[in-house]
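*Asks:* These are the residues of each chain, in order.
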Amino acid sequence: MADYVELMGFGPKGWGLLMAQATLMTIAVSATAFALGSALGALVAWARIEGNRPLRIAADAYVTVLRGIPDLLVIYLLYFGGSQALTALAHLVGAKGFVGVNAFAAGAIAVGIISGAYQSEVFRGAFAAIARGELEAARSVGMSRPLLFRRIIVPQALRFAIPGLGNVWQLALKESALISVVGLTEILRQAQVGAGSTRQPFEFFITAAALYLVLSTISGLGFQRAEALGMRGVRRS
Amino acid sequence: MDFDFLKETVLLLLSGVPLLLQLSFFSIAAGALFAVLLALMRLSGNPVLDYAARSYVFVFRGTPLLVQIFLIYYGLGQFPEIRQSFLWPFLREPYWCALLALTLNTAAYSSEIIRGGILSVPFGQIEAARACGMSRGLIFRRIIVPQGLIVALPAYGNEIILMTRSTALASTITLMEVTGIASKIISETFRAVEVFICAGAIYLILNFAISRAIALLERRLSPQFQAPAPVAAVPERA
Numbered sequence: 567m568a569d570y571v572e573l574m575g576f577g578p579k580g581w582g583l584l585m586a587q588a589t590l591m592t593i594a595v596s597a598t599a600f601a602l603g604s605a606l607g608a609l610v611a612w613a614r615i616e617g618n619r620p621l622r623i624a625a626d627a628y629v630t631v632l633r634g635i636p637d638l639l640v641i642y643l644l645y646f647g648g649s650q651a652l653t654a655l656a657h658l659v660g661a662k663g664f665v666g667v668n669a670f671a672a673g674a675i676a677v678g679i680i681s682g683a684y685q686s687e688v689f690r691g692a693f694a695a696i697a698r699g700e701l702e703a704a705r706s707v708g709m710s711r712p713l714l715f716r717r718i719i720v721p722q723a724l725r726f727a728i729p730g731l732g733n734v735w736q737l738a739l740k741e742s743a744l745i746s747v748v749g750l751t752e753i754l755r756q757a758q759v760g761a762g763s764t765r766q767p768f769e770f771f772i773t774a775a776a777l778y779l780v781l782s783t784i785s786g787l788g789f790q791r792a793e794a795l796g797m798r799g800v801r802r803s
Numbered sequence: 286m287d288f289d290f291l292k293e294t295v296l297l298l299l300s301g302v303p304l305l306l307q308l309s310f311f312s313i314a315a316g317a318l319f320a321v322l323l324a325l326m327r328l329s330g331n332p333v334l335d336y337a338a339r340s341y342v343f344v345f346r347g348t349p350l351l352v353q354i355f356l357i358y359y360g361l362g363q364f365p366e367i368r369q370s371f372l373w374p375f376l377r378e379p380y381w382c383a384l385l386a387l388t389l390n391t392a393a394y395s396s397e398i399i400r401g402g403i404l405s406v407p408f409g410q411i412e413a414a415r416a417c418g419m420s421r422g423l424i425f426r427r428i429i430v431p432q433g434l435i436v437a438l439p440a441y442g443n444e445i446i447l448m449t450r451s452t453a454l455a456s457t458i459t460l461m462e463v464t465g466i467a468s469k470i471i472s473e474t475f476r477a478v479e480v481f482i483c484a485g486a487i488y489l490i491l492n493f494a495i496s497r498a499i500a501l502l503e504r505r506l507s508p509q510f511q512a513p514a515p516v517a518a519v520p521e522r523a
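Heads up: the sequence lines are chains A and B, in that order.
So the first sequence is numbered by my numbering: it starts at 567 and just counts up by one.
So the second sequence is numbered by my numbering: it starts at 286 and just counts up by one.
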């Protein structure tokens, strides 16, 4: 146990600081991906509810494909496909060799695209939960569409969406571990590096697991609080 | 579009499908058994069993599958006790490690689905079964399973599709299933987009087949689609 404390501590031989930094990286990349997914999810949900036929088909295809394909494959596509495009672009302007995309950007976009597919489902369900009468009432008092969206739809849909968004956030948090395969130094990558150089993989991967548990527990509590706050004006049986 | 390359890629990728199917089939089958056990522990009313199952589900749902795979594949081999035990011939192999991690992972998610299914059976039904003098085992088999299964099936179908996707992570510990082969081809040819399209199509077809099979099963299990029981032997009135 004392060995473990020294290994993961903040002393000269400890990996504590590096693991802490990696934890911040996991939070940063998951939060970026989640935010990207929210924007994308809202757009796709809108396309599926209000869009014309081609838009609806495109949105449905996006959700079906992203939910059916391994996340790892999407990360590979964004990273290697992005690098391929970037290299071609660099060769056009005369550079030589391989140009890699930033692992953070590729990872965040990949996880964000996947998260967007799930979030569009959450938003669609939340929109369906809004009472039709509210929308009719808003229209009858002559609200413009943007105003109706801002004042009537967003505040209520968001409230219904919180539990679902909480689930999708947990997914994004766990999917962020996959970005380690393209070399972003988040929790799992740092644990791999530590495991390799100390030959104590068990300690490092157990620590990584514990860090993820802490992150998911804390954010789970946060979402619970947000839900309680959002629902405080709603009468429940 | 270079069709020769696409054709060659698809053929290469298809050689990974048997491994993919094996991993997902065995982990789902073993995971389902374990999940039923976990769900029964949660519902047993025994606080120790309940707490144990609850913590298990919390840990396995709260950590990434990739961490669980690495912990089992790289982490366990660190202990001489394990390296000298009868388990080592299995835990040394990436195949068994991936299977173990996938099984433990899906059991945690499925146990919640199964618990929901069991809880959905109205208590009156169980009460009635007890009143008829059915034993606990018989109640479980005849009353709870048939009714709970219909409720749990859609969510369980999702879990099966998710597991089929998750087998891709086995490629990180050297198993050459579809994603493993895809990443190898990408790193050799740098044609990520083409390979992605081929591999993605394979996964989508598999998922489509699974979801159709689940929908069919759901239809068969729903009482309204079953042939009426042969009690209708009442003679028709003229």
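Hints were generated in silico from the structure; no laboratory data involved.
These numbers were taken from a predicted model, which means no experiment stands behind them.
Any given hint might turn out to be false.
Partner residues aside, some chain B positions facing chain A, computed with beta carbon under 10 Å [as the list claims (entries may be wrong)]:
1) 351
2) 360
3) 369
4) 419
5) 420
6) 445
7) 446
8) 453
9) 461
10) 468
11) 471
12) 480
Chain B is nowhere near these chain A residues, computed Cβ spacing over 10 Å in every case [unchecked claim]:
13) 624
14) 634
15) 645
16) 647
17) 721
18) 728
19) 757
20) 774
21) 799
Glycine residues also receive a C-beta, built at the ideal position from the N, C-alpha and C atoms.
*Asks:* For each hint, tell me whether it holds in the structure or not.
*Replies:* Status of the hints after comparison with the structure:
no. : hint : in the structure
1   : 351  : 5 Å, holds
2   : 360  : 4 Å, holds
3   : 369  : 16 Å, violated
4   : 419  : 33 Å, violated
5   : 420  : 37 Å, violated
6   : 445  : 12 Å, violated
7   : 446  : 7 Å, holds
8   : 453  : 3 Å, holds
9   : 461  : 14 Å, violated
10  : 468  : 6 Å, holds
11  : 471  : 5 Å, holds
12  : 480  : 8 Å, holds
13  : 624  : 16 Å, holds
14  : 634  : 4 Å, violated
15  : 645  : 8 Å, violated
16  : 647  : 4 Å, violated
17  : 721  : 30 Å, holds
18  : 728  : 19 Å, holds
19  : 757  : 8 Å, violated
20  : 774  : 5 Å, violated
21  : 799  : 29 Å, holds
The structure shown violates the earlier hints numbered 3, 4, 5, 6, 9, 14, 15, 16, 19 and 20.
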